Structure formats: C-alpha cells, structure tokens
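*Asks:* From just these sequences and the hints, can you work out the full model?
Residue-level listing of the chains:
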Amino acid sequence: MRDDVILEAVDVVKHFGDGGNWLSPKPPVQAVDGVSLEVRRGETFAIVGESGCGKSTLARLLMRLLEPTEGSVLFDGDEVSHAKGEVLKTLRRQMQFIFQDPFSSLNPRMSVGKLVGEPLEVHAPEMSTEDRRAKVAELLRKVGLRPEHAGRYPHEFSGGQRQRIGIARALASGPKLIIGDEPVSALDVSVQAQVINLLGDLSRDLGLTLVIIAHDLGVIRHMSDRVAVMYLGRIVEIGTAEEVFATPLHPYTQALLSAIPSIDGASRDKKSGVLGEMPSPSDPPPGCRFHTRCLHAQARCKSESPKLQGADHQVACHFWKEIATQPAPAIPSRRSDAAEARFALYRAATTGGTVIHHDETATKRI
Amino acid sequence: MAIAAPTAGQELASEDALFVMSDLTLRFKGQKNDVVQGVNLRVRRGEVLCVVGESGCGKSVTSMAIMGLLPPNSAQISSGKMRISSDEWDLVTDRLPAELRGNKIAMIFQEPMTSLNPAFRIGNQIAEVVQRHQGGTRAASLDRAEEMLQRVGIANPGQRLREYPHQLSGGMRQRVMIAMALANEPQILIADEPTTALDVTIQAQILDLIADLRDETGMGTIMITHDLGVVAEIADTVAVMYGGQVVEQGPVEEVFRNPQHPYTIGLMSAMPRLDKPGERLAIVPGTVPTISNMPDGCRFRTRCAFATSYCSKRPSLSDIAPDHSVACHYAPLEAHVRVSA
Chain A
160 MRDDVILEAV
170 DVVKHFGDGG
180 NWLSPKPPVQ
190 AVDGVSLEVR
200 RGETFAIVGE
210 SGCGKSTLAR
220 LLMRLLEPTE
230 GSVLFDGDEV
240 SHAKGEVLKT
250 LRRQMQFIFQ
260 DPFSSLNPRM
270 SVGKLVGEPL
280 EVHAPEMSTE
290 DRRAKVAELL
300 RKVGLRPEHA
310 GRYPHEFSGG
320 QRQRIGIARA
330 LASGPKLIIG
340 DEPVSALDVS
350 VQAQVINLLG
360 DLSRDLGLTL
370 VIIAHDLGVI
380 RHMSDRVAVM
390 YLGRIVEIGT
400 AEEVFATPLH
410 PYTQALLSAI
420 PSIDGASRDK
430 KSGVLGEMPS
440 PSDPPPGCRF
450 HTRCLHAQAR
460 CKSESPKLQG
470 ADHQVACHFW
480 KEIATQPAPA
490 IPSRRSDAAE
500 ARFALYRAAT
510 TGGTVIHHDE
520 TATKRI
Chain B
199 MAIAAPTAGQ
209 ELASEDALFV
219 MSDLTLRFKG
229 QKNDVVQGVN
239 LRVRRGEVLC
249 VVGESGCGKS
259 VTSMAIMGLL
269 PPNSAQISSG
279 KMRISSDEWD
289 LVTDRLPAEL
299 RGNKIAMIFQ
309 EPMTSLNPAF
319 RIGNQIAEVV
329 QRHQGGTRAA
339 SLDRAEEMLQ
349 RVGIANPGQR
359 LREYPHQLSG
369 GMRQRVMIAM
379 ALANEPQILI
389 ADEPTTALDV
399 TIQAQILDLI
409 ADLRDETGMG
419 TIMITHDLGV
429 VAEIADTVAV
439 MYGGQVVEQG
449 PVEEVFRNPQ
459 HPYTIGLMSA
469 MPRLDKPGER
479 LAIVPGTVPT
489 ISNMPDGCRF
499 RTRCAFATSY
509 CSKRPSLSDI
519 APDHSVACHY
529 APLEAHVRVS
539 A
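Heads up: the sequence lines are chains A and B, in that order.
In terms of our numbering, the first sequence opens at residue 160 and continues consecutively.
In terms of our numbering, the second sequence opens at residue 199 and continues consecutively.
If you are wondering where the hints come from, they were derived from the structure by calculation, not from laboratory data.
For clarity, every value in this text was computed on a predicted model and none was experimentally measured.
All residues carry an ideal CB built from backbone N, CA and C; glycine is no exception.
One thing to keep in mind: the hints can contain errors.
[Stated by the list, open to error] Cut-off 30 Å, straight-line C-alpha distance, at most; resulting in silico cross-link-like pairs (DSSO-like, lysine-lysine):
| no. | chain 1 | residue 1 | chain 2 | residue 2 |
| --- | --- | --- | --- | --- |
| 1 | B | 227 | B | 279 |
| 2 | A | 273 | A | 243 |
| 3 | A | 185 | A | 248 |
| 4 | B | 279 | A | 301 |
| 5 | B | 279 | B | 302 |
| 6 | A | 461 | A | 480 |
| 7 | B | 227 | B | 511 |
| 8 | A | 480 | B | 474 |
| 9 | B | 302 | A | 335 |
[As the list claims (entries may be wrong)] What follows is a list of derived Cβ distance ranges for each label pair:
| no. | chain 1 | residue 1 | chain 2 | residue 2 | range |
| --- | --- | --- | --- | --- | --- |
| 10 | B | 309 | A | 243 | 51 to 57 Å |
| 11 | B | 507 | A | 315 | 28 to 34 Å |
| 12 | B | 271 | A | 402 | 33 to 39 Å |
| 13 | B | 490 | A | 170 | 54 to 60 Å |
| 14 | B | 493 | A | 454 | 48 to 54 Å |
| 15 | A | 365 | B | 488 | 30 to 36 Å |
*Replies:* Written out as structure tokens, the structure reads:
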C-alpha cells in the first residue's frame with residue numbers, strides 16, 4: 160500500500176438479505192458488488208450515482224458503520240472492516256461522518272454546546288470541563304457560528320446553520336478523514352454555497368481528506384479532485400474530476416453529464432439520454448449492468464462483465480474506445496457585458512468590498 | 199405599509215394571456231406580515247412560466263392560491279384577481295369552484311408517492327378524475343386512463359392500470375401523476391417541483407415529457423422550482439420570488455443573459471458551475487428571515503450588499519427592457535454603485 164493512500168477498499172461486496180427460504184425465496188440485494196478504490200491523503204474524493212446505485216452503502220462500509228460481506232477496507236494501512244472495541248473507537252476518532260439531513264441528525268433535546276462537546280467526552284475524557292467549553296467555542300467559530308450559540312437548541316437554527324453544527328461535531332474529535340453523505344443536498348442554493356465554501360476551507364486549513372457522496376454533478380465538479388461514478392453496485396468510471404467531466408469514457412457517465420440542465424445556455428442533448436430506469440439491485444442484469452439502458456450495447460455486453468481498465472482514468476466498458484467521445488464544446492457565456500460587470504460587483508461586495516453609491520439622491524427612482 | 203401599484207397592470211388586458219393572476223396578496227391568520235405580496239403572473243398559450251425561489255419565498259403558497267386549495271379559515275387574501283381565458287374571479291370575495299380543479303387547472307406535486315392513494319389501483323385513480331368531470335361510464339373512463347398512460351410513455355398501459363402505486367418506480371409514478379393531471383385536458387398545469395425527488399436521468403425524461411405535452415396540447419404551465427438549471431431547460435418566462443415578492447420577471451433568455459436584481463445575481467453566482475470548478479462560490483449572506491421578521495420595503499434588503507436606508511421603501515416592479523422587469527431601486531447596479539476593495 161502506498162503511503163499517500165489513507166483509505167482503501169479492496170473488492171468490497173455488501174449483500175443485504177439472506178435469500179429467504181425455499182418457500183419464499185428473496186434474492187439478496189446486491190448493494191455493493193466488488194468495489195475497489197483508493198482515497199489519497201488530503202484529496203476530496205467524490206462518489207456519484209443515482210439513487211439505488213449503492214453509494215450510501217459504500218460510504219457506510221468505508222466508515223465501518225457496516226461490515227462488508229466480502230472484501231476488506233483499509234484505513235492507514237490497517238484492516239478495519241471488522242474492527243471492534245478499542246480499535247473501532249480509535250477509528251471513529253479518525254474518521255467522521257456528516258449526514259444529509261441536518262434536521263434529523265441532531266438530537267433536539269441537546270444544546271449545541273452539548274452536541275459538539277459529546278464527541279470530546281467520548282474521545283478525550285481526560286479533558287476538563289473548562290477546556291472542553293473552550294474547545295467547543297473554538298469549533299463553533301471554525302464553522303462560522305458564534306460561541307454564544309452553544310447554549311441554544313437545534314430548532315433555533317436554520318438548515319444551513321444546523322449543517323454547520325453537524326460539521327463542528329464531526330471536527331470535534333480531530334479526524335483525518337470526513338465522509339459526507341449528500342452534505343449539501345438538503346440546503347437551498349444560497350446556503351449550499353456557504354457550506355461548500357466552508358468544507359473547502361476546512362479541508363485546506365486542517366489538511367482533511369474528504370469523501371463526498373452526492374448526486375449533484377455541479378457540486379461534485381466544484382468540490383472534488385477525483386470522482387468515482389457508480390452504477391448498480393459497481394464503479395463504472397474513476398478518474399480526476401477534470402478528466403471525467405471533460406472526456407467521460409463510459410456511456411453512463413456521458414448520459415449523466417448530458418442530463419444536467421445547465422444555466423449556461425448549452426441545451427441538453429436529448430439524443431444521448433439513457434433508456435428507461437435502473438433495474439433492481441436484487442436482480443441485476445448479467446454482464447455489464449448498464450447494458451439494459453445503454454445505447455451502444457452489443458451482444459458481448461450481455462454476457463461478459465467488463466473490468467475497470469486504464470491507469471489513472473479507468474473505465475469499465477468493453478467498447479469505450481469505439482464509443483466516440485467528443486470533448487464538450489466550449490460553452491460561450493450568454494451573459495451580456497453589463498451583466499458580467501454586475502456579477503463582478505456582486506462578488507466584490509460580498510467578499511468584503513465597500514459599496515459606494517454614486518449619487519444617493521439622483522439614483523432614487525420611485 | 200404602502201404598496202406600490204403594480205406596473206404590470208397594463209399587461210392584464212393583453213388578449214393572448216391564458217392565465218393572469220394580478221396583485222395577489224395574502225397572509226395567514228395571526229401573522230403581521232403578508233406571505234405573498236402583490237404578485238402578478240401571466241401565462242400565454244403553450245408557454246411555461248417558472249416561479250423560482252428558495253424555501254419560504256412563497257412560491258408554493260402562490261400555487262395553492264391559484265388552485266384554491268388554501269384553507270379559507272387561516273389564509274386571508276387581501277387582494278388578488280385571477281383570470282383563466284374568459285373567466286375571472288376576485289379571490290378576496292369568490293371561492294374558486296371545485297369544478298375548476300382537475301378540469302381547467304390541474305396540479306402535480308413533488309412527491310408522487312404521497313399524492314397517489316396506495317390502496318387503489320392506478321387505473322381507478324385516473325378513471326375517477328375523468329368520471330368526476332366528464333361523466334360517462336366507468337369503462338369509458340378506464341379506456342381514457344389507458345390512453346393517457348400510453349401518452350405519457352408508460353409501456354404496457356393495460357397491465358399498469360391494474361397495478362398499485364407501490365409497484366411503480368418514482369419516475370413512473372410521476373408519469374402517472376401527469377397522466378392523471380392531463381386526463382381532462384386542463385388549460386393550465388401547475389407543477390410544484392415535479393422533478394426534485396427524481397434522479398437527473400429521470401428528471402431529463404420527465405422535463406422532455408412535459409415539454410412534448412405542452413407542444414401537443416397548447417396548455418399553459420406554471421412550474422414551481424428552486425433549480426435554475428430546470429428553469430433554463432424548460433421555461434419561456436421566469437419569475438424570481440423572494441420573501442413573498444416577485445423581484446424579477448421576464449423572458450428566460452433575457453433574465454439569464456442580463457440578470458438585474460441582486461438576489462437573482464446572488465442565486466446565479468452561488469450555483470456551482472461545471473466550467474469553473476474550484477473557484478470560490480459567491481454567496482448570499484445570511485438566511486431567509488422568518489415571515490414575522492420580514493423587513494418592510496424590499497424584503498431582500500437585510501441580505502443585500504447594496505441596500506441603503508432607501509430600500510425600506512418597497513421598490514416597484516418596473517420594466518428595464520421590454521417584458522423584463524425588476525424590483526430594485528438600484529438597477530442596473532453598475533450604473534448606481536461601485537465597489538472599492
């Protein structure tokens with residue numbers, strides 16, 4: 160294992176259900192089916208896919224919130240997939256989780272100070288009450304809240320602020336790695352931007368490794384260094400965000416990217432969509448799991464399951480070389496020059512610039 | 199509080215408008231502020247109007263008011279006139295007739311699972327809507343239901359008719375909701391976040407379906423959404439709402455090319471873009487105030503970097519270009535302010 164790899168999954172498989180009995184057979188749900196990946200120290204690694212592709216299960220396997228059916232997970236070189244007791248406790252300190260829904264992931268009966276201080280009680284029991292209070296105040300400041308918020312309760316905060324509390328709680332034990340399962344998807348656009356900026360600042364300032372699970376490709380492009388695209392329990396493409404977004408190789412990635420509605424004027428290419436819907440993970444199609452929805456599928460795809468191939472930019476498709484990928488055309492901005500000036504003014508004004516009104520009286524229009 | 203007269207008033211007379219809502223103002227009992235204030239909307243035949251805004255901006259309340267679904271005991275409408283083709287209602291005094299809903303105006307919701315009755319077969323649920331408004335036999339209504347399922351792209355409609363909602367996927371359920379909404383050929387379709395619960399590939403399919411049906415039937419569509427990408431995809435015109443007020447309104451091309459209101463600009467800059475990764479996102483500082491804490495005048499002023507004391511006077515929605523109107527004292531911004539570092 161290379162030194163710069165902090166978290167590694169080797170052929171991880173997770174099946175739910177035992178298959179029922181002979182009277183009522185229930186095929187197991189193959190949520191994750193043979194996933195290998197490496198997360199490098201200090202990078203932001205994203206896992207993207209549609210609902211039901213197994214990305215949340217994978218996140219929970221990486222976190223050791225679930226035990227894999229087969230395969231192993233290595234954190235800092237140590238096998239942790241079946242960790243228990245003291246080993247698990249140490250692991251928890253180094254790996255933390257941010258949840259999607261800031262409304263249900265905070266105990267409504269605990270004050271913010273108690274919520275953020277709780278991981279400290281567990282992981283640093285020797286800390287004095289005084290020190291703990293100071294540490295909580297510092298954590299709250301770090302995530303953009305005020306120390307006096309410690310006395311309040313979760314219901315007094317908005318969604319974005321609650322997500323900040325969740326982040327402060329995750330930071331409390333001083334982790335090396337944070338996994339966020341859709342950390343911003345429950346937030347409104349304007350608040351989402353604040354939390355994205357915060358996560359970016361924290362990972363840079365604290366040298367944190369982030370693993371982000373998301374379905375919003377815009378958010379992923381913005382935040383991540385490397386991306387893994389999942390479909391029905393398997394990784395179909397993995398590479399740097401730059402490569403995957405500029406030259407997607409797998410037809411599924413291509414379809415995902417072309418399905419994003421864009422505000423930049425490039426209209427969605429209606430022909431390159433995918434057919435129908437994702438099959439059930441309890442009865443996945445044989446061969447390449449994407450072949451039932453793929454516009455390029457051939458006989459071989461139905462029988463033979465493709466392996467990930469390539470060096471840094473890997474793809475699991477038999478015919479990726481044949482499937483022509485045209486680099487996305489440069490999108491001409493459709494904003495007018497006046498609008499660009501306005502955007503620049505807005506950015507300057509919201510990042511600490513001083514706004515000067517030309518003429519306080521002449522500008523009044525009513 | 200003085201409310202500026204709606205300048206969009208002259209548009210109300212325009213003949214080609216299929217749907218017009220003028221000066222809708224309402225509040226909930228016991229609150230001191232309006233949740234929707236002086237909202238004017240207009241939809242022409244075959245046009246998609248997107249109402250865009252964040253949670254708490256009043257977009258859903260507006261759509262409920264259009265449907266006449268607000269509880270009359272708690273929602274107090276203080277002004278508002280609504281016209282659909284030649285019929286007009288004064289929302290202060292009239293209650294919208296029940297025959298209107300599902301017939302002239304139909305609505306689809308965000309979560310198709312909770313809008314379908316889990317205990318009845320798909321076919322019966324669609325047939326019920328048809329029979330309620332058109333009469334006729336059960337058999338004829340079921341035929342109509344099958345025809346509608348076919349039309350929204352559901353394979354095997356004859357078999358699907360006999361299935362229950364839990365047997366369908368999210369995308370299929372939304373198709374069923376659309377089939378049900380369109381069964382009586384409404385003139386206006388209201389879609390409240392119809393694709394928010396769906397994956398991007400399915401969202402693309404549903405948006406295409408709505409656009410196709412719009413082209414076929416010429417219905418007017420009011421789509422409520424928070425996603426500017428969806429707006430760019432499907433809208434002809436857009437109304438940006440903040441705190442119960444429409445702050446900017448116009449043809450979608452024009453609004454995206456030349457956004458004027460600081461809130462519109464803020465929303466657009468806060469969206470992560472595929473072509474500019476890693477660049478720090480501009481933000482809209484703070485959060486939306488609760489309705490009882492809404493400032494008077496321009497409601498965005500507490501979060502606006504350009505606000506002055508003058509903004510406590512409500513700016514009227516006035517034209518900055520043909521059909522493109524904005525409610526800001528300082529529009530266009532670059533002519534009124536500069537920013538020093």
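*Asks:* Evaluate each hint against the coordinates.
*Replies:* Tested hints:
no.	hint	verdict
1	B:227 x B:279	holds, 20 Å
2	A:273 x A:243	holds, 26 Å
3	A:185 x A:248	violated, 35 Å
4	B:279 x A:301	violated, 50 Å
5	B:279 x B:302	holds, 17 Å
6	A:461 x A:480	holds, 18 Å
7	B:227 x B:511	holds, 25 Å
8	A:480 x B:474	holds, 28 Å
9	B:302 x A:335	violated, 58 Å
10	B:309 x A:243: 51 to 57 Å	violated, 40 Å
11	B:507 x A:315: 28 to 34 Å	holds, 29 Å
12	B:271 x A:402: 33 to 39 Å	violated, 59 Å
13	B:490 x A:170: 54 to 60 Å	holds, 56 Å
14	B:493 x A:454: 48 to 54 Å	holds, 53 Å
15	A:365 x B:488: 30 to 36 Å	holds, 34 Å
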